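Number of protein chains: 2
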Amino acid sequence: MATRHRVVIIGSGFGGLFAAKALRKAPVDITLIARTTHHLFQPLLYQVATGILSQGEIAPATREVLRRQRNVEVLLGEVTGVDLATRTVTAQSPVATYTTPYDSLIVAAGSTQSYFGNDQFADHAPGMKSIDDALELRGRIFGAFELAELEDDPVKAARWLTFVVVGAGPTGVEMAGQISELSRRALPGDYRRIDPRDARIILIDGAPVVLPAFGSHLSEKARQRLEKIGVEVRLNTMVVGVDATGIEVKHADGSQERIESICKIWAAGVAAAPLGAQLARDAGAETNRAGQVLVNPDTTLPGHPEVFVIGDMMALDKLPGVAQVAIQSARHAAGQIKARLAGQETGQPFRYRDKGSMATISRFSAVVSIGKTNLSGFIAWLMWLAVHLLYLVGFKNRFTAIAHWAVSFIGRGRSERAATWQQVFARNALKKDD
Amino acid sequence: MATRHRVVIIGSGFGGLFAAKALRKAPVDITLIARTTHHLFQPLLYQVATGILSQGEIAPATREVLRRQRNVEVLLGEVTGVDLATRTVTAQSPVATYTTPYDSLIVAAGSTQSYFGNDQFADHAPGMKSIDDALELRGRIFGAFELAELEDDPVKAARWLTFVVVGAGPTGVEMAGQISELSRRALPGDYRRIDPRDARIILIDGAPVVLPAFGSHLSEKARQRLEKIGVEVRLNTMVVGVDATGIEVKHADGSQERIESICKIWAAGVAAAPLGAQLARDAGAETNRAGQVLVNPDTTLPGHPEVFVIGDMMALDKLPGVAQVAIQSARHAAGQIKARLAGQETGQPFRYRDKGSMATISRFSAVVSIGKTNLSGFIAWLMWLAVHLLYLVGFKNRFTAIAHWAVSFIGRGRSERAATWQQVFARNALKKDD
Chain A
9 MATRHRVVII
19 GSGFGGLFAA
29 KALRKAPVDI
39 TLIARTTHHL
49 FQPLLYQVAT
59 GILSQGEIAP
69 ATREVLRRQR
79 NVEVLLGEVT
89 GVDLATRTVT
99 AQSPVATYTT
109 PYDSLIVAAG
119 STQSYFGNDQ
129 FADHAPGMKS
139 IDDALELRGR
149 IFGAFELAEL
159 EDDPVKAARW
169 LTFVVVGAGP
179 TGVEMAGQIS
189 ELSRRALPGD
199 YRRIDPRDAR
209 IILIDGAPVV
219 LPAFGSHLSE
229 KARQRLEKIG
239 VEVRLNTMVV
249 GVDATGIEVK
259 HADGSQERIE
269 SICKIWAAGV
279 AAAPLGAQLA
289 RDAGAETNRA
299 GQVLVNPDTT
309 LPGHPEVFVI
319 GDMMALDKLP
329 GVAQVAIQSA
339 RHAAGQIKAR
349 LAGQETGQPF
359 RYRDKGSMAT
369 ISRFSAVVSI
379 GKTNLSGFIA
389 WLMWLAVHLL
399 YLVGFKNRFT
409 AIAHWAVSFI
419 GRGRSERAAT
429 WQQVFARNAL
439 KKDD
Chain B
9 MATRHRVVII
19 GSGFGGLFAA
29 KALRKAPVDI
39 TLIARTTHHL
49 FQPLLYQVAT
59 GILSQGEIAP
69 ATREVLRRQR
79 NVEVLLGEVT
89 GVDLATRTVT
99 AQSPVATYTT
109 PYDSLIVAAG
119 STQSYFGNDQ
129 FADHAPGMKS
139 IDDALELRGR
149 IFGAFELAEL
159 EDDPVKAARW
169 LTFVVVGAGP
179 TGVEMAGQIS
189 ELSRRALPGD
199 YRRIDPRDAR
209 IILIDGAPVV
219 LPAFGSHLSE
229 KARQRLEKIG
239 VEVRLNTMVV
249 GVDATGIEVK
259 HADGSQERIE
269 SICKIWAAGV
279 AAAPLGAQLA
289 RDAGAETNRA
299 GQVLVNPDTT
309 LPGHPEVFVI
319 GDMMALDKLP
329 GVAQVAIQSA
339 RHAAGQIKAR
349 LAGQETGQPF
359 RYRDKGSMAT
369 ISRFSAVVSI
379 GKTNLSGFIA
389 WLMWLAVHLL
399 YLVGFKNRFT
409 AIAHWAVSFI
419 GRGRSERAAT
429 WQQVFARNAL
439 KKDD
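Residue numbers (the working numbering), protein chains in the order written: chain A, 9 to 442; chain B, 9 to 442.
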């Protein structure tokens with residue numbers, strides 16, 4: 009029996025998972041290699057960080073999602089290199105290094121948080137890209153209220169109760185909104201010495217608007233709603249320094265200001281996984297400033313029609329780093345592979361169909377932009393709810409997520425506040441002189 | 009206004025939480041100090057480790073549970089010392105040390121895993137006492153299957169697929185049973201190279217029976233059931249060595265054997281929190297080999313009628329380290345404080361009412377011992393289900409736990425398999441020569 013066409017997929021995010029699914033009926037053997045064992049529904053990470061959902065609900069095991077698709081195997085591994093000449097991928101497991109050959113390769117390793125060259129910010133302002141990040145932030149956010157409760161000095165208590173979110177894209181807006189909900193709705197009554205409603209939530213962005221991708225009307229609506237629920241929105245404001253107990257910002261007029269805050273969250277920038285730069289270098293291709301690979305219009309790596317670079321890792325038509333771009337480019341790559349195997353013409357450019365954008369600001373309030381239609385408020389929130397339920401992978405995750413949403417949105421509780429000793433104690437330790 | 013009687017409670021487990029609740033209507037001001045922010049329902053930790061429940065479901069925030077009880081404040085802190093002379097408790101937060109005075113003190117800091125003097129075992133065979141432990145074990149258990157899938161060498165694959173549980177009390181039995189369910193029911197179909205049903209689950213105990221507290225009839229039933237679901241039960245077997253890739257055991261006849269296994273779980277012994285020994289020393293009291301304080305019959309520290317040592321920390325009438333002992337001794341201590349404040353006679357001995365014991369072995373199968381009544385099988389499992397739902401704290405945890413149980417017991421999935429990169433990658437790394 010001749011060996012079937014071998015497809016290796018790197019990554020288990022929206023790009024990797026949907027590429028595998030799109031090849032379900034193709035005459036190929038697929039190996040999906042990813043550094044985590046789960047598919048992560050990143051748009052809801054902020055709900056794990058703020059205690060609404062459990063990690064399992066947004067992170068089903070990749071192999072479980074694909075268990076019935078017999079032409080795919082899922083391997084744990086961090087891909088450390090791709091040899092374009094011999095067509096092999098080298099990956100590292102916790103115990104060994106292994107090499108897997110491919111005929112076609114789909115690179116969907118996604119993106120990491122970017123601190124724009126200031127990696128030292130990361131220790132003090134964690135990003136929001138993984139379950140580890142979300143659990144770390146859960147420990148820091150709930151821990152901040154715990155430590156404010158213990159603080160006799162009102163100045164020090166205030167800096168525990170000042171939360172700074174950097175970046176006013178969907179992740180930052182949703183995070184700021186949820187911290188506000190926590191402090192205004194979920195936590196009052198739980199404390200005896202502090203009033204959680206005294207918490208300040210500051211949302212910072214260098215741009216002049218929040219949610220720029222949504223257009224000026226919705227941006228303004230979102231800003232108003234954020235301010236109504238108590239979020240201080242600071243636009244045209246650049247972050248120039250971050251340390252254990254505060255953040256330095258620079259205003260448009262050039263003046264600088266220090267904000268005392270211990271719990272800071274970085275939702276400002278992303279960079280493509282480093283594998284992108286490595287591939288581009290080997291192929292003689294280019295990357296942009298975010299480390300994304302300048303791919304051909306059909307999402308292939310220049311000079312390598314057998315290698316597709318998709319989702320957050322590709323630079324193409326200034327497409328945004330959202331789930332739909334990853335999903336659609338994955339389907340495009342899968343379609344190209346199927347066409348090639350069927351002897352059909354390939355090389356068709358990837359065309360992105362914008363299905364719209366949505367972001368929740370607080371419970372019952374969201375903004376939705378679909379083509380020329382702009383919606384905000386409760387109806388938009390219902391649409392957000394429906395779409396997110398639909399895209400949550402797997403029946404059982406939808407089932408339990410609804411239970412958790414009912415607890416938080418109809419009730420005002422948080423089912424998943426539990427932060428461990430490690431997360432609360434170890435992560436909130438300050439040095440003596442802080 | 010005179011200061012009210014101040015009660016300090018150390019610990020937020022069954023002892024600490026139920027002591028606080030029992031003082032709900034008492035004319036006292038309570039400060040509950042605990043090193044975690046949650047009340048942990050320890051009997052279900054094994055379900056967090058094996059992907060059935062989320063951590064939030066068994067660990068509601070202590071301050072949320074007590075939010076309506078206005079005479080209690082909850083503080084985060086690890087108690088480092090008690091000054092019996094000045095009647096103060098010193099605790100450490102992540103950032104500072106603080107001191108709290110008491111008129112009455114209830115010490116309910118619980119127990120830690122004990123390796124019987126072999127603390128070096130801990131790195132290779134984690135215990136099951138905290139959410140951190142359960143999440144670590146989740147990463148190791150699911151990680152073992154992932155790494156077996158990557159292993160070409162069948163001998164090395166086999167040691168990933170050999171799970172050793174040390175200790176055949178309820179925790180060990182339930183853990184072994186659940187790993188068996190994972191390998192036999194939940195995971196087959198997810199893998200392409202290995203068959204999870206090949207996993208060996210070995211349950212080891214130095215005693216001649218499993219679940220000795222349940223009596224010989226149920227012990228035998230439980231052993232039969234375990235063997236039926238594929239657990240190898242090795243009794244009269246002592247652990248004499250544990251390393252990264254195996255465990256050394258000694259049989260009753262003196263012969264030794266090495267079992268190759270990477271994922272090992274320690275459910276063998278507990279020791280009282282070290283605070284017990286410190287208190288005993290300061291009070292001139294004694295501790296037993298497990299570090300429990302030999303208390304007076306009324307659970308007070310000898311010479312200190314204002315200090316109660318309860319639950320897992322007290323040595324009294326050879327009571328077992330179970331939730332009911334903690335709950336009932338907490339209520340007794342609270343009752344003594346109330347009686348004293350009311351000017352009534354105190355010093356009544358604590359009388360434990362044995363409400364019975366139960367342990368699940370697999371879905372639909374449990375053993376229940378209540379007085380002279382012994383039950384096993386499905387009816388016993390329904391009783392287990394009812395009691396655990398009843399004791400899970402808080403409506404919303406019951407609500408979502410039912411959803412998760414339905415997924416795992418009616419279905420065969422695991423909602424909470426998600427182990428993070430940290431948990432899977434970092435925890436399963438072996439050294440080069442292993």
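Since the hints were derived computationally from the structure, they do not count as laboratory data.
Please read these numbers as outputs of a predicted model, since none were measured by experiment.
Be careful, since some hints might not be right.
Because identical chains share one entry, a pair is satisfied inside a single copy or across any pair of copies.
20 Å max Cα-Cα, derived SDA-like pairs, lysine to any residue [what the hints assert, rightly or not]:
1) Lys137 to Thr11
2) Lys164 to Thr105
3) Lys380 to Val395
4) Lys363 to Val395
5) Lys363 to Leu398
6) Lys164 to Val330
7) Lys33 to Asp198
8) Lys439 to Ala104
9) Lys29 to Ala293
10) Lys164 to His312
11) Lys164 to Pro102
12) Lys164 to Ala104
13) Lys326 to Arg76
14) Lys326 to Arg201
15) Lys29 to Asp325
16) Lys33 to Arg233
Exercise. Which earlier hints can't be squared with this structure?
Worked result: Per hint list: 1, 6, 9, 10, 13, 14, 15 and 16 violated.
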